[in-house]
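K.L.:
Following the hints, complete the assembly by docking chains V and B onto the known chain C.
Residue numbers (this note's numbering), protein chains in the order written: chain C, 1 to 156; chain V, 1001 to 1793; chain B, 2001 to 2287.
A couple of the hints might just be wrong.
Coverage of chain V stretches by chain B, computed from C-beta distances (three or more under 8 Å per stretch; other residues unrestricted) [as the list claims (entries may be wrong)]:
id: 1; region: 1656 to 1663
id: 2; region: 1707 to 1716
id: 3; region: 1722 to 1728
It is worth saying that the hints were derived from the structure and are not from the lab.
The C-beta atom is built at its ideal place from N, Cα and C for all residues, glycine as well.
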Amino acid sequence: MSETELTINGRSHTVFVDPHRPLRDVLRQELGLTGTKESCDSGVCGVCTVLVEGDATKSCLVPVGKVVDKELTTVEGLGSEEELSEVQQAFVDCFASQCGYCMPGFVLAAESLLDDNPSPTVEEIREGINGNICRCTGYVKIVDAIQEAARRREER
Amino acid sequence: MSMHEQTAESDRTEHGAEASGDGEFRQIGNSMPRTDAREKLTGETIYTMDAYPEDVLHAKLVTSEHAHARLVEVDTAGAEAMDGVVAVSTAADAPDTRIGEFVFDEPIFAHDKVRYVGEPIAIVAAESERVADAAVDMVEVEYEPLEPVVDLQAAGGTDPPVVVHEKLREYGTSEEGFHLDDPDSECPNLLTTVTEETGDLETAFEDADLIVEDEYEVNPLQHCSMEAHVAVGHVDGNSATVRTSHQMPHVIKDELSRLFPSFESDDIVVNTPYAGGAFGGKETPIVEPRLLTVARRMDRPVRLALSRHQQYTTSPSRPEFRVRLKDGVTENGDLVARDITIDISVGGYDVEAFNIATALSVSVLGSYDASAVRRTTRAIYTNRPPYGAFRGFGLAEVNFAAERHMDRVADALDIDPLEYRAQNLLRAGDRNVNGDSLHPCQNEAVLRASIDSLDDVAVDTEYPEYATDEWAIGVGHAYGNKSVPQGETNVRIDLAPSGELTVRIGAPDVGQGSNTAITQMVAEEFDTPVEHVTIIAGDTDETERDMQGPSGSRFTPFTGNALRKAAETLRAELTSIASTMSGLSSDPASLRLGHGSVIGDESGVSVSLQTLIEHGKADDSPLFDGDVFSVVGRYEYTDEEHIYWVPVSQAVLVACNTLTGKIEVLRVSTAADVGTAINPKAVEQQLEGGAGQGIGGAVFEEIVYDGGRVVNGNFKQYRVPKATDLPYDSETIIFESFDTEGPFGAKSVGEVGVFPTAPAIAAAVEDALSIEFAVLPMTPERVMERLTDDHPT
Amino acid sequence: MQEYYSADSIRDAHRALRDSEDAEVIAGGQEVMLDLRRGEMSPTTLVDISDVDELCEITHTEDAVRIGACVTYRDLETDAELRTAIPYFVEAVEDIAGRQVRNYGTLGGALCDADPVFDMPAVLLTLDAEVTARSGDETRTIPVSGFYTGHCDTDLAPEEILTTIDVQKLPPRAGGTYRSMTPRDGDATVAGVAVSLGLDEAGLCQTARIGLTSAGAIPTRASDAESVLEGTEIADTQIDAAVSSLRSNLDLLPDPLFSRTYRKTVFTRLTAQAIRDVRTQLPGDVE
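Just chain C, with the same shape it has in the complex (with noise of 0.2 Å):
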């Protein structure tokens, strides 16, 4: 184990970890981060998205060692104390969200592709967001949620 020096949502953070120790499980249980959630153990599902240096990631496949020196994203990092993210307000206004579990993922996921695409078709939400598996949903309100956001993105 060494001292590691993390930056997440702006803050530095230091933690004593393995290198190789999954970035999910450092922000889990040595941070209490636990907006990144764990869920499938194998990669599949994107409950554990956080951003590097804004790209999309899953944080289980993402070794603690490899990050020190980047730029990290939580959900906890969203928004502000007064008001939300347009992506999250957006989420709770279309009505996206069920048992919330994997609400965190997405909504990582949707800041980075509204990032990367201002102005996503239908057919590019629904693409964008294939690393991200619901349960409860059957996806049509964060379809919703991830237009609306857009819209308010360009009003902005």
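P.N.:
Just chains V and B, lined up with the frame of chain C:
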């Protein structure tokens, strides 16, 4: 604008509330954002999977590698000696009591035999997950393998190759386990069989002009809740606190106190504030008894989460179903006789198969009427992981068979399948041959609405990439109906002097929006802003007994009605005190809650709650808990007969790829009569989500076994649909026929979304490719087998 | 004691690999982390090469494109020149897994992992691609068709690092496609076929390349089927004969979820459709 929004709007106008007894609603019918949405979108919600108390120990299970074996020895010494391992527990550390709902057949840890791959043998508690995983590998288990039986037909015969429970009839049972006392049972692996016949079946078949028989098969699948089974337990002296991801904390509390007699029932607290999905898979004790066995040996909290693979082997799955149907009809299309036999697999131990088999025997007739019906259900032990409820409690699987059979018969009679169904629909207000009544509802309108909506689809313009030679297009449709079984719920309301209303409900919100529904109901009751309502859910210490939680579509009617009863009592008491003090009306209906006060509608006079409380306490009013009015309401449904009341239909447009056999559902339309839509958007959530899950089970999902071993117990090989696997064009058509039994006229909508999906898709595939499906799921390989029969490569 | 070392050059990576008692290379980590979790490897040191500039470049010439081993699928998707030059290459990339995996997964990493279910090797086989491997100061070039030596095994020596993949662009009168059966979008491929066809001036098939995914232990070309097509008009009878030859040569690995019968049927049907689709793209189509 997406299709479903438009339709929901316009259809609520078109088919709006009928005879809404209470007149205009304020909160009911309002699509307010869900009360839990914000915290779930910020990641603030702490699910049980996220609970890492300071000092927590991490536990992992040692589970059986054999489907059937004698357990010769379990040597934990090597594991116990490892650095970082705190304790290893086996059957020797667990009480002798056995887990079960009706039959107490399952030990907490295996004793002398294992009966399925995945059966818990031991538990390791260690300082980290990594050490716990390593320690599991160090536990040495010696087996003497025995021949397993996994085939349902073979296991269910009079002379099966293997008997799963030789001492089945010696096990303890709950009161309802009466079938085990029957010494005449011919089939040693039969857990229970229920046969009922009503009407004169023999004569009815004689009167029939045509008899159609067929067999249907539905294979097991998994709930795949995104949050796996997980619990954190802490024992402090004689009291235990268990936080768990579960649908029924009150049931778990009862079960744990039965299983661990050293704990007083009052000293066990079970808590589920939220769960990340359940779908019927979290109704029984799975991780909790194993966890408590080791947790009671130490002071520190212990966390046990099943791995995703263990979800398939150690938590319940949906059973295997074999359904034989024999229908007799007249030549003009009257269904006169039905003989239905349903076999379901139990697995190595009974999780819920007994319950399902019993429930099914009365609930297979909800959609249509016939003069005579015989139904036989059998639950059969096999050496496979245990089986339990999945959304619908068996209704969706039987509905696949029943609806496919309606299509067969219609085809044989050369009658339009839609009209054949309409002709035999159970009439609203009537009782069927079993004596079950169909509550007044718009079932015929529901039947037709979804397929009518697909009338004018033009594939060439709307789905041009599917208008090529490699795709075959088809349309299909099916119907279903949900019945409500017995249950009892208690709800407590606390009213503080500030006007803050706290509603305490035993059922946790596992994703369906129950907290929001209750918030809206109580805000409606007292005409109070929703900001003044707090819900406390799922904590056995903080809430009254609720023995079914969100299951079987009972939450809305049961908790809702219990809430209304509590509200009624509270209103009456408030009014009675208020009217003695002031000019406020003595009519409870005119009372409203303001900010810290009660207001009478007509007089406009208000009296502060603080004053009322002081007055009430002085008068010895019975409803106080400290400075707070506190009232419990109870709702119970105990009738033998089932209420049928939520008709549902779905129509689908599918594209079948003739190169690969893959089925894509391009569009789905779902119609249902929900009584009153408390929150229309939340209703859409349930129906859209149900359609999605229904498509998963129809086309994508199947647990594949090699003997007793699960082969595809992971999300790579077990195919939970992703976004592009499901249709975005998913429409919901909500009908509202105010139901007098339901709170504010509401019924429920949690399960019906999955009932018609598989048969609708099978009908569409038949339309597209002229191939028949009597088995689920309709995998690409099964499609191709049927295609190549006609078109050899 | 676990180490994680981020190399800044290929030389630096080689040094780190030599200096550690038990080191493995990691690029995007999409496969390595699963191997670690499953216990299939437990190296002391992970040497990360994903930030080595030289390995992350895409260089275009008129006839070819040179792709650094650590170029991600996302980099490939967004390379407009590549999309124009070899459309089906980019289309195949877009169908791999999901966004998150494509953000990090690399073409070089997939080649070295050598799982026959990966899509890109079949595509590379239809474009006469070659890879370059470097150890110390020595470099050697290996055609993709000779790169695979066995199930999940490559010709790379332990001290070699894959540095580039060189792909020939489609000449005039040539086209290609990639068709695959995946149970869900983004799943591992059950049966995949890449086809490229080039016509001569008379409109007859000059070159035919058919690359197969999940058709055995290693990614292969259906050379017999290719020969059936070459020199012909690529009419229905020739397509049927080619596909028949392909089917009879298939030697599929066992699969717990999809039978050989099913997969052979799918290979047959997808190949026939792929050949027809490419033929339609090309000039002088008879219909």
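K.L.:
Determine which of the earlier numbered hints do not hold for this structure and return their numbers in increasing order.
P.N.:
none
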